[in-house]
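Keeping their order, the protein sequence lines are chains A and E.
For the first sequence, this note's numbering begins at 1 and goes up steadily by one.
For the second sequence, this note's numbering begins at 1 and goes up steadily by one.
If you are wondering where the hints come from, they were derived from the structure by calculation, not from laboratory data.
Mixed in with the good hints, there may be bad ones.
Where chain E lies over chain A, by a calculated footprint (3+ residues, C-beta under 8 Å) [said to hold, decoys possible]:
#1 37–43
#2 68–82
#3 88–101
Not close to chain A: a few residues of chain E, all C-beta gaps over 12 Å, as computed [claimed, not checked]:
#4 Leu-7
#5 Gln-38
#6 Ala-41
#7 Met-136
#8 Gln-233
#9 Ala-265
#10 Ser-287
#11 Gln-289
Ranges between beta-carbon positions, derived for each pair [as the list claims (entries may be wrong)]:
#12 E:Val-138 with A:Ile-90: 33 to 41 Å
#13 A:Pro-86 with E:Ala-29: 44 to 52 Å
#14 E:Met-136 with A:Leu-36: 51 to 59 Å
#15 E:Arg-43 with A:Pro-86: 17 to 25 Å
#16 E:Lys-5 with A:Arg-14: 56 to 64 Å
#17 A:Ile-90 with E:Thr-142: 31 to 39 Å
#18 E:Gly-278 with A:Pro-86: 52 to 60 Å
#19 A:Pro-86 with E:Glu-132: 47 to 55 Å
#20 E:Val-138 with A:Thr-108: 22 to 30 Å
#21 E:Ala-167 with A:Glu-104: 25 to 33 Å
#22 A:Pro-124 with E:Lys-114: 54 to 62 Å
Even glycine gets a Cβ: it sits at the ideal position worked out from N, Cα and C.
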Amino acid sequence: MAETIDFELVSPERLLFAKPVEMVVVPGTEGDLGILPRHAPLIATVRPGVIAIFAGGKVTERIFVAGGFAEVTGERCTVLAERAMPLADIDRAAVERQLKEDREAADTAAVEVGEAMLAALDNPSYH
Amino acid sequence: MPSLKDLRVRINSVKSTRKITSAMKMVAAAKLRRAQEQAEAARPFAERMERMLASLAGALSSPTDAPAMLAGTGSDRVQLLIVATADRGLCGAFNSSIVREARRQIRALLADGKTVKILCVGRKGRDLLRREFGSMIVDTITDFARPRLSYDTAARIAERVSAMFFAGEFDVAKIVYNRFRSAITQIVTVQQLIPFSPPAAAAGGQAAGGQATGGQASGGPQALYEYEPDEEQILDGLLPRNLAVQIYRALLENNASEHGARMTAMDNATRNASDMIGKLTLVYNRSRQAAITKELIEIISGAEAL
Chain A
1 MAETIDFELV SPERLLFAKP VEMVVVPGTE GDLGILPRHA PLIATVRPGV
51 IAIFAGGKVT ERIFVAGGFA EVTGERCTVL AERAMPLADI DRAAVERQLK
101 EDREAADTAA VEVGEAMLAA LDNPSYH
Chain E
1 MPSLKDLRVR INSVKSTRKI TSAMKMVAAA KLRRAQEQAE AARPFAERME
51 RMLASLAGAL SSPTDAPAML AGTGSDRVQL LIVATADRGL CGAFNSSIVR
101 EARRQIRALL ADGKTVKILC VGRKGRDLLR REFGSMIVDT ITDFARPRLS
151 YDTAARIAER VSAMFFAGEF DVAKIVYNRF RSAITQIVTV QQLIPFSPPA
201 AAAGGQAAGG QATGGQASGG PQALYEYEPD EEQILDGLLP RNLAVQIYRA
251 LLENNASEHG ARMTAMDNAT RNASDMIGKL TLVYNRSRQA AITKELIEII
301 SGAEAL
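Could you put the whole structure together from the sequences, leaning on the hints where they help?
Structure, rendered in structure tokens:
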């Protein structure tokens, strides 16, 4: 078993995910961050996108987050996200409908999230 | 002396009151459990956010760069008081104790020559404050806890508050709510939201705890973090969210306190109703017996007269 880092995904309403992982890719505002064990301490903002959890060089889980913050220390990586859901649970039609409404309402923040969601569904990165 | 019929009617009416209060007590107990679970579940997020804020605030290159939400506007002339109460009554002293504290605060601020604005969260707070301070109430938010208290509600309130802050409508914001200690004890708490100051003792303990766990492997203080993008930008994004989280936490505590207070109040009411039924039944039986005795005496003395 390879060395692991404790990954936690927390939403304001509950702790969504907490277990040791081999590597996790967090979508930072300035680019994706691959977090491995013994990463340098870091605090970063997170853009709407997909968190990919790796095991054995392969992605085992993909979780969509609608932006937030990440805190990394050598042995722990915490992501604070206001909204998060497994990528597989996203209903494409509902997202498109919501996106259309948001565009009409000119809600730029919501449009950004919706577009990121669709982009994530279309071409999931890291195979 | 009330007639036997009057007594029977009274006993029955107290019995149906008891039914209602005991049902309310059980509902409150179930809701209390759920509210407690919800408050428990929200704790990790708030704790981690506080830890991040503490290290960010410590890492700021110079205090003058700090965003207004952290450093304040440099004045404390206009004060916003967020009064968080319940929408509904019948929960003992829950609402009145919050409002009493709010009144005390408002009077003290007014005596200092400050301008006070009030934001009521919950219908009861508005009802109780309207007569005395009606002109200061800027807005009331009601029906926030149905079907359940969600983070979105708190986020909306926070958005409103930060919009007011950035429009320069107030300098300092405080929230008054009931902190949940147990079903019997709730503590009225005044917490300052803007400029943000973590509750000193708790934050100190948590920061120390965070360092102790974080320090094992990294072996350094928190100031060693790298920031991406820079501290100021992260803080700009973090502070409004922190406001929402603080409000959310206060509302959750308040919600749990409300159900706790209602449970206790209804438990007392049920017990009082039982006592009352006991007393009334005693009076009823006594007067019934008196009536029977009286009738017997009448019959006997009638027979003796013959």
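Q) Can the suggested window of 56 to 64 Å be confirmed for the beta-carbon pair Lys-5 (chain E) and Arg-14 (chain A)? A) holds (57 Å)
Would the non-interface assignment of Gln-38 (chain E) survive a Cβ cutoff of 12 Å against chain A? Its Cβ does come within 12 Å of chain A, the nearest being 7 Å, so this is violated.
Claimed clearance of chain A by Gln-233 (chain E), with the beta carbon kept past 12 Å: Nearest chain A Cβ is 7 Å from Gln-233 (chain E), so the label is violated.
Per-stretch coverage check for the region 88–101 of chain A, three Cβ contacts closer than 8 Å to chain E: violated (count 0)
(request) Evaluate the given range 25 to 33 Å for the C-beta pair formed by Ala-167 (chain E) and Glu-104 (chain A). (result) holds (27 Å)
For Pro-86 (chain A) and Ala-29 (chain E), compare the CB-CB distance with the range 44 to 52 Å and indicate the outcome. This hint is violated: roughly 34 Å between Cβ atoms.
_Lys-114 (chain E) and Pro-124 (chain A) - C-beta distance against the hinted 54 to 62 Å_ = At 55 Å between Cβs, range holds.
Q) Taking the beta carbons of Pro-86 (chain A) and Glu-132 (chain E), is their distance inside 47 to 55 Å? A) holds (52 Å)
Any Cβ of chain A at or closer than 12 Å to Met-136 (chain E), or is the non-interface label fine?
-> holds (30 Å)
Q) Taking the beta carbons of Val-138 (chain E) and Thr-108 (chain A), is their distance inside 22 to 30 Å? A) holds (27 Å)
- Query: Cβ-Cβ distance between Arg-43 (chain E) and Pro-86 (chain A): within 17 to 25 Å?
  - Reply: Distance hint for Arg-43 (chain E), Pro-86 (chain A) holds at roughly 23 Å.
- Query: Does Ser-287 (chain E) sit more than 12 Å from chain A, CB to CB?
  - Reply: Consistent with the label, Ser-287 (chain E) stays out of reach of chain A, its closest Cβ about 59 Å off (over 12 Å).
The structure shown violates the earlier hints numbered 3, 5, 6, 8, 13.
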